[in-house]
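Fit chain B with the ligands to the given chain A structure using the hints.
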Amino acid sequence: MIYFHQVNKYYGDFHVLKDINLTINQGEVVVIIGPSGSGKSTLVRCINRLETISSGELIVDGVKVNDKGVNINELRRNIGMVFQHFNLYPHMTVLQNITLAPRKVLGMSEKEANEIAMYYLEKVGIPDKANAYPSALSGGQQQRVAIARGLAMKPKIMLFDEPTSALDPETIGEVLDVMKQLAKEGMTMVVVTHEMGFAREVADRIVFMDQGRILEEAPPEEFFAAPKEERARVFLSRILNH
Amino acid sequence: MLRFSILVEHWDLYMQGFGHTIKASVLALIGSLALGTIIAIFRIAPIRPLNWVGTAYVEFIRNIPLVLIVFVFFMGLPAVGIRFDSFTAGTLGLMVYTAAFIAEAIRSGIQAVPKGQMEAARSSGLTYLQAMRYVILPQAVKIVIPPLGNQFINLVKNSSVLGVIAGLDLMYYGDLISSKTFVTFDVYIFVALFYLVLTIPLSLGVGYLERRLLKAR
Ligand SMILES: Nc1ncnc2c1ncn2[C@@H]1O[C@H](COP(=O)(O)OP(=O)(O)O)[C@@H](O)[C@H]1O
Ligand SMILES: [Mg+2]
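Chains A and B supply the protein sequences, listed in that same order.
Heads up, the first sequence is in UniProt numbering, so the first residue is 1 and it goes up one at a time.
Heads up, the second sequence is in UniProt numbering, so the first residue is 1 and it goes up one at a time.
In isolation and in its complexed conformation, chain A is listed as follows:
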């Protein structure tokens, strides 16, 4: 489903991704962890070409993402993305936020799009907020709307870049619950997070990054019991003991 082969990326002189090799299969949940600045966001953002790679090969859903002739909008409609800061559209209601892409990209009628939006709002547990504006919602609710917005396009892949990092502790759980449910239903998910409980419980694989490299890749039971890499050990002990 997602295939990185010897991928490198530079920001000017700065080598942000180094020889990335990573395969993610359909239905897999891969959690990416690592210290801040290690390139986790950049890696995830390459998948839907919010960032372009400098060299190597990146294939997503059978498409070479950086090929010249690629219709990027076509590819992106199959990849949902959830951001740390939600990025809901503040001038639109929750319902309008969710229906914009289905209507304008997929050409759905307003009625059909509304029905789908309500279905996913039920799913994330806030159908009563359909006509509210984002500013009237808590962080956890906003993030759940953002997830519903992604799902409404019926994507094959969902990307999450630190979806709970901007949330108050008491609303983190409600967002993680939605994500767990999604994982259970077989969604292909790439998740950058510092929530080790979630990683341990939900991930099929943990990918540990440091300074632009993937240093370790292992199933969670293995990784958390005994990380092979010294830097992964240091990282884990720091994050679990604070």
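It is possible that part of the hints are untrue.
Computed cross-link-like contacts, DSS-like style, restricted to lysine-lysine with a CA-CA straight-line distance of at most 27 Å [said to hold, decoys possible]:
1. A/LYS104 with B/LYS142
2. A/LYS156 with B/LYS115
3. A/LYS111 with A/LYS123
4. A/LYS154 with B/LYS115
5. A/LYS104 with A/LYS123
6. A/LYS104 with A/LYS154
7. B/LYS180 with B/LYS157
8. B/LYS115 with A/LYS64
9. B/LYS142 with B/LYS115
10. A/LYS156 with A/LYS111
11. A/LYS123 with A/LYS184
12. B/LYS142 with B/LYS157
13. A/LYS123 with A/LYS64
14. A/LYS64 with A/LYS111
15. A/LYS68 with B/LYS115
16. A/LYS104 with B/LYS115
17. A/LYS154 with A/LYS184
18. A/LYS156 with A/LYS64
Calculated from the structure, these hints are not laboratory results.
Only chain B with the ligands this time, still in chain A's reference frame:
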């Protein structure tokens, strides 16, 4: 005590000037809004040569005095065979000048919309133009309206530059009345009042819109 007799006796002349000031302001406003929008799009479009043209325009125009630009239209262009009457030359100069400021207001409004908005829109599969139209511009408009309003107020005041080239505006007629009556203070106080009749409602309107937009956030 202000001599209202001057106002009454020269009412027709004041009205002439007032009318021309309004006309120059409205025409320059429409023109500079259109030209300014185009320049703003030049500056942000993902096309390098357009960026250069837009930047050159803004930096060049807003860094020279308005009165010089008006002189170019009034005396520079006739030298190469293009002739305008003083009112037209003044209005064109005003438009060209104000467009640079309006372009900057519009550009910074668009760029003030957080980067994540474009990213969210594009990653859902919307095209660049769709994202602009449905996500970025509706938010930018709210940001742009207050600075645009201030530019319009400046525009009205700056229209007094027409007086320098006998452009038939309020300032010009003020000079005329003053030279006829040998009165300065009273004559120009009335001129100032006419400007205030235009700018104060504009200023209040801008303030009102600003408050409403803040609330709508
Ligand atoms: N647009 C950019 N230009 C230059 N450097 C960047 C840019 N985006 C990120 N970086 C740098 O790349 C490195 C990796 O960033 P990022 O992928 O955001 O890391 P992480 O998500 O793991 O914290 C950081 O050192 C960051 O400063
Ligand atoms: Mg990050």
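Each hint, compared with the structure:
no., hint, verdict
1, A/LYS104 with B/LYS142, "23 Å, holds"
2, A/LYS156 with B/LYS115, "25 Å, holds"
3, A/LYS111 with A/LYS123, "19 Å, holds"
4, A/LYS154 with B/LYS115, "25 Å, holds"
5, A/LYS104 with A/LYS123, "23 Å, holds"
6, A/LYS104 with A/LYS154, "15 Å, holds"
7, B/LYS180 with B/LYS157, "24 Å, holds"
8, B/LYS115 with A/LYS64, "26 Å, holds"
9, B/LYS142 with B/LYS115, "17 Å, holds"
10, A/LYS156 with A/LYS111, "23 Å, holds"
11, A/LYS123 with A/LYS184, "13 Å, holds"
12, B/LYS142 with B/LYS157, "24 Å, holds"
13, A/LYS123 with A/LYS64, "33 Å, violated"
14, A/LYS64 with A/LYS111, "35 Å, violated"
15, A/LYS68 with B/LYS115, "25 Å, holds"
16, A/LYS104 with B/LYS115, "21 Å, holds"
17, A/LYS154 with A/LYS184, "16 Å, holds"
18, A/LYS156 with A/LYS64, "16 Å, holds"
The structure does not agree with the numbered hints 13 and 14 stated previously, though it agrees with the rest.
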